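Protein chains: 2
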Amino acid sequence: MSEVRDRRSAEKTRVDLLVTGDYVLTFNHKKEVVEKGAVALKGDRIAAVGQASSMGEKIEAKEVLDASGCLIMPGLINLHTHAAMTCFRGLADDLPLHEWLHEHIFPAEAAHITEETVYWATLLASVEMIRSGTTTFCDGYFYEDGAAKAVAASGIRAIVGQGVVDFPAPGIPDPRINVKAAEAFVLRWQNKYSRLMPSVFCHSVYTCSPETLIAAKAICKEHKILFQIHLAETEAELEEAEQRYGMRPVEHLLKLGILDADTLCHHAVRVNEKEIELLAQSGVGISHNPESNMKLASGVAPLPKMLTAGVKVGLGTDGCASNNNMDLFQEMDTAAKLHKVHQGDPSLSSAVEMVEMATKGGAAALGMADIVGSLEPGKKADLITIDLNQPHLTPMYEPCSHLVYAARGADVRDVIIDGRMVMLKRQLVEMDEQEIMGKVREIASRIRGRH
Amino acid sequence: MSEVRDRRSAEKTRVDLLVTGDYVLTFNHKKEVVEKGAVALKGDRIAAVGQASSMGEKIEAKEVLDASGCLIMPGLINLHTHAAMTCFRGLADDLPLHEWLHEHIFPAEAAHITEETVYWATLLASVEMIRSGTTTFCDGYFYEDGAAKAVAASGIRAIVGQGVVDFPAPGIPDPRINVKAAEAFVLRWQNKYSRLMPSVFCHSVYTCSPETLIAAKAICKEHKILFQIHLAETEAELEEAEQRYGMRPVEHLLKLGILDADTLCHHAVRVNEKEIELLAQSGVGISHNPESNMKLASGVAPLPKMLTAGVKVGLGTDGCASNNNMDLFQEMDTAAKLHKVHQGDPSLSSAVEMVEMATKGGAAALGMADIVGSLEPGKKADLITIDLNQPHLTPMYEPCSHLVYAARGADVRDVIIDGRMVMLKRQLVEMDEQEIMGKVREIASRIRGRH
Numbered sequence: 001m002s003e004v005r006d007r008r009s010a011e012k013t014r015v016d017l018l019v020t021g022d023y024v025l026t027f028n029h030k031k032e033v034v035e036k037g038a039v040a041l042k043g044d045r046i047a048a049v050g051q052a053s054s055m056g057e058k059i060e061a062k063e064v065l066d067a068s069g070c071l072i073m074p075g076l077i078n079l080h081t082h083a084a085m086t087c088f089r090g091l092a093d094d095l096p097l098h099e100w101l102h103e104h105i106f107p108a109e110a111a112h113i114t115e116e117t118v119y120w121a122t123l124l125a126s127v128e129m130i131r132s133g134t135t136t137f138c139d140g141y142f143y144e145d146g147a148a149k150a151v152a153a154s155g156i157r158a159i160v161g162q163g164v165v166d167f168p169a170p171g172i173p174d175p176r177i178n179v180k181a182a183e184a185f186v187l188r189w190q191n192k193y194s195r196l197m198p199s200v201f202c203h204s205v206y207t208c209s210p211e212t213l214i215a216a217k218a219i220c221k222e223h224k225i226l227f228q229i230h231l232a233e234t235e236a237e238l239e240e241a242e243q244r245y246g247m248r249p250v251e252h253l254l255k256l257g258i259l260d261a262d263t264l265c266h267h268a269v270r271v272n273e274k275e276i277e278l279l280a281q282s283g284v285g286i287s288h289n290p291e292s293n294m295k296l297a298s299g300v301a302p303l304p305k306m307l308t309a310g311v312k313v314g315l316g317t318d319g320c321a322s323n324n325n326m327d328l329f330q331e332m333d334t335a336a337k338l339h340k341v342h343q344g345d346p347s348l349s350s351a352v353e354m355v356e357m358a359t360k361g362g363a364a365a366l367g368m369a370d371i372v373g374s375l376e377p378g379k380k381a382d383l384i385t386i387d388l389n390q391p392h393l394t395p396m397y398e399p400c401s402h403l404v405y406a407a408r409g410a411d412v413r414d415v416i417i418d419g420r421m422v423m424l425k426r427q428l429v430e431m432d433e434q435e436i437m438g439k440v441r442e443i444a445s446r447i448r449g450r451h
Numbered sequence: 001m002s003e004v005r006d007r008r009s010a011e012k013t014r015v016d017l018l019v020t021g022d023y024v025l026t027f028n029h030k031k032e033v034v035e036k037g038a039v040a041l042k043g044d045r046i047a048a049v050g051q052a053s054s055m056g057e058k059i060e061a062k063e064v065l066d067a068s069g070c071l072i073m074p075g076l077i078n079l080h081t082h083a084a085m086t087c088f089r090g091l092a093d094d095l096p097l098h099e100w101l102h103e104h105i106f107p108a109e110a111a112h113i114t115e116e117t118v119y120w121a122t123l124l125a126s127v128e129m130i131r132s133g134t135t136t137f138c139d140g141y142f143y144e145d146g147a148a149k150a151v152a153a154s155g156i157r158a159i160v161g162q163g164v165v166d167f168p169a170p171g172i173p174d175p176r177i178n179v180k181a182a183e184a185f186v187l188r189w190q191n192k193y194s195r196l197m198p199s200v201f202c203h204s205v206y207t208c209s210p211e212t213l214i215a216a217k218a219i220c221k222e223h224k225i226l227f228q229i230h231l232a233e234t235e236a237e238l239e240e241a242e243q244r245y246g247m248r249p250v251e252h253l254l255k256l257g258i259l260d261a262d263t264l265c266h267h268a269v270r271v272n273e274k275e276i277e278l279l280a281q282s283g284v285g286i287s288h289n290p291e292s293n294m295k296l297a298s299g300v301a302p303l304p305k306m307l308t309a310g311v312k313v314g315l316g317t318d319g320c321a322s323n324n325n326m327d328l329f330q331e332m333d334t335a336a337k338l339h340k341v342h343q344g345d346p347s348l349s350s351a352v353e354m355v356e357m358a359t360k361g362g363a364a365a366l367g368m369a370d371i372v373g374s375l376e377p378g379k380k381a382d383l384i385t386i387d388l389n390q391p392h393l394t395p396m397y398e399p400c401s402h403l404v405y406a407a408r409g410a411d412v413r414d415v416i417i418d419g420r421m422v423m424l425k426r427q428l429v430e431m432d433e434q435e436i437m438g439k440v441r442e443i444a445s446r447i448r449g450r451h
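Line by line, the protein sequences are chains V and P. Going by this note's numbering, the residue at position 50 of the first sequence is 50; the numbering climbs one at a time, nothing skipped. Going by this note's numbering, the residue at position 72 of the second sequence is 72; the numbering climbs one at a time, nothing skipped.
In case anyone wonders, no lab produced these hints; they're calculated from the structure. Please read all numbers here as calculations on a predicted model, not as lab measurements. Careful: at least some of the hints might be erroneous.
The list treats identical chains as one, so a pair stands whether inside a single copy or across any two.
[To be verified] The calculated SDA-like cross-link candidates involving lysine to any residue, where the alpha carbons are at most 20 Å apart (straight line), are:
hint : residue 1 : residue 2
1    : Lys36     : Arg448
2    : Lys30     : Ala236
3    : Lys192    : Ala152
4    : Lys274    : Gly378
5    : Lys425    : Asn389
6    : Lys42     : Pro96
7    : Lys255    : Glu239
Using the sequences and the accompanying hints, generate a full structural model.
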């Protein structure tokens, strides 16, 4: 008997973990939804996806995660964060943009942002994102070594962008070395962890000269990393670009050779039809951040037109000073509803499109479409489960409808990143979140005292 | 010693329950926030509100609920629901309005709405609302006896409106008796439970004739109950009113004598400045339902103008077919952000205004300002606690900012309604939610089969 069993199991594929649940949303090219499905993981990769019953015959798993009553889906991708700004969450709201930025956020940053505060506040952001189902985020801030260390410690996947501006910034008192400092950051972190990719984040066309932008983009090309920039976020930005360069920001960046498939632009609120066409042709990635754009009254980005034109758009939350949380489930909901009312058409921005934007769309915008964003064999094992057995998710007719219009980050039960269990039944596996919250509360009490 | 202690305690006010927490948001006329505060309850009423330390000297409580790490606030008021529509949650989304209503919702209602389905689906809605911090809701639907029974069973406070339309409706095949049936409903439920107030809900000016509206309003006056109606929700409604009555809906209702302090109108999306003035003068209550208005692309109600004009506005979710959840925390967030971007002014719709609208504002719109909506001695003991010790609520600079921009329904820890503990540490005290979810899943499987 024992010999027979051995022979039979020898024929089976051995995997490390089998996750079984009521539904698997694959977001493969057919957008298949598998009822009573399972995902098999081997190391940091997905080995197989299919029906639990047939997988059981072919696969032998060291461990099984029974997610009965749950939906299994790709982890969400937060395309735009300033993660360390969790320490300013709710510090100043409901203010005119200039007053908010110049009287509150900039002074608080100047006084309190250090590598240590960035480390703890990014760790808090990572915990918040993991708890709400984000498995990859794309960041940009100063003292970004602190963010990189937090990513390394937290188990989350991230693109970590060192900020560049042409004036003194936290950690870079001399702006003449801003690009050099960013390159040094890239060299410190490249190829150190497979989960962590360094990047350079030039703040905007109005805070970075053409020379700075060109130099920073050259470094990104040399090291094959992502270049990031805020683009066409506000009316004031357009006016300033017109005044300084005699053209709108999209044209300006295009002329400088910045817009290509290895660049990610944030917001694109104020882009016209011609510019949308240019964005599509260039292959550039765009982050759509509806809640931040609403809260700061920046405007409504033309998302439906961008999607129709084939622009690679993903979803972001922006920093916690302008949202004020990092829950992408809520961001999907807001995006879906905002564009319907803005265009007067309830059929726009469908639930399926929004989930696709927050997973596969984000991966494509990052140039990581082969690595994350869907549950397919060979991709990185980044997945989450959603607990469907809750009053506000009952009954269920269509999974994507629930993910967008009814679910919230708190409905995420388990999180696996890079094949590693990071959250199990809403308990973080390794991180001490009480310690992390305590550290950020200490930072906040200093900010409160000197603000 | 024991004698001394007895004498001392004899001098103290005896209460049933003392709830202590890190902050008490009173929403009294000074909007006082008490740090390290407490609320004392006696029977179904609030006996005292103050600092926990000084309350301890004056009050002897049979029981203490220690909500350390939590914020205590008035329960939220959901001003507009069709609670039983939880059974259609996500049945049909992202469709043009006419197709959604006529090909999906109306046929499903005709085939599946009975007193029993209304009972279970309203019970599910009540559980969902309790879990997300709503302690009072204002409903309108058919077979509303089912809703009233669910309210009685759930422990929640509600205004329960029997629906009236001039065509055959669930439970009222003969529209000639629609108003009589509503009156019979009122008589069955009036003064039966202090938590439950019957109401008459005339659907709209385009589904109810002037005669029906006048007769229904007369009954409401006679029985001193709330009259409800959808008002100026869509452009089509305006066109139809112009065509039939040669005037806009507000003027039409004003002429019929419908608009007074005992009437609650839902939506008021398409009202001009003159009409806003008329709404303010009439003392009528208005429910603002931003997420439903966005999802159905109905438009953006002029909330900031209504608030400035002194219109009594509260917040609602509308039914689950057009939202698709009943989380008022999310609704506050959406309302705050929507009006900022819509008007291009980030200082509009502040966090404090939004929380006030979801508590005190709702109470005023219902004519219940003396009963609920704030934590003040003599008012009904309807309160909730929010667990602040969570990553997405860390750090905290300003409580209302967190309630609107960072918190979600899932952050509600305890719920007390009418002095009774309904949810304790996220566990429902009396209701069996697995049974309730199971019953609604059965209803949904029938809907799925015949839809």
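Do the hints match the structure? See the list:
1. Taking CA atoms no more than 20 Å apart as the test, Lys36 paired with Arg448 passes between copies only; the shortest distance there is 19 Å, against 51 Å inside one copy.
2. Proximity of Lys30 and Ala236 under a CA criterion of 20 Å is satisfied in neither setting, with 42 Å inside one chain copy and 38 Å between copies.
3. Taking the closest pair of Cα atoms, Lys192 and Ala152 come within 20 Å of each other only inside a single copy of the chain (9 Å); across copies the shortest separation is 61 Å, beyond that limit.
4. Proximity of Lys274 to Gly378 under the C-alpha cut-off of 20 Å is found in neither arrangement, the shortest distances being 38 Å within a copy and 63 Å between copies.
5. Taking identical chains as interchangeable, the C-alpha atoms of Lys425 and Asn389 lie at most 20 Å apart whether they share a chain (13 Å) or sit on different chains (18 Å).
6. In this assembly of identical chains, Lys42 and Pro96 lie within 20 Å of each other by CA distance neither inside one copy nor across copies; the values are 51 Å within and 45 Å between.
7. Proximity of Lys255 and Glu239 under a CA criterion of 20 Å is satisfied intra-copy only: 18 Å inside one chain copy versus 50 Å between copies.
In this structure, the hints that do not hold are numbers 2, 4 and 6, in rising order.
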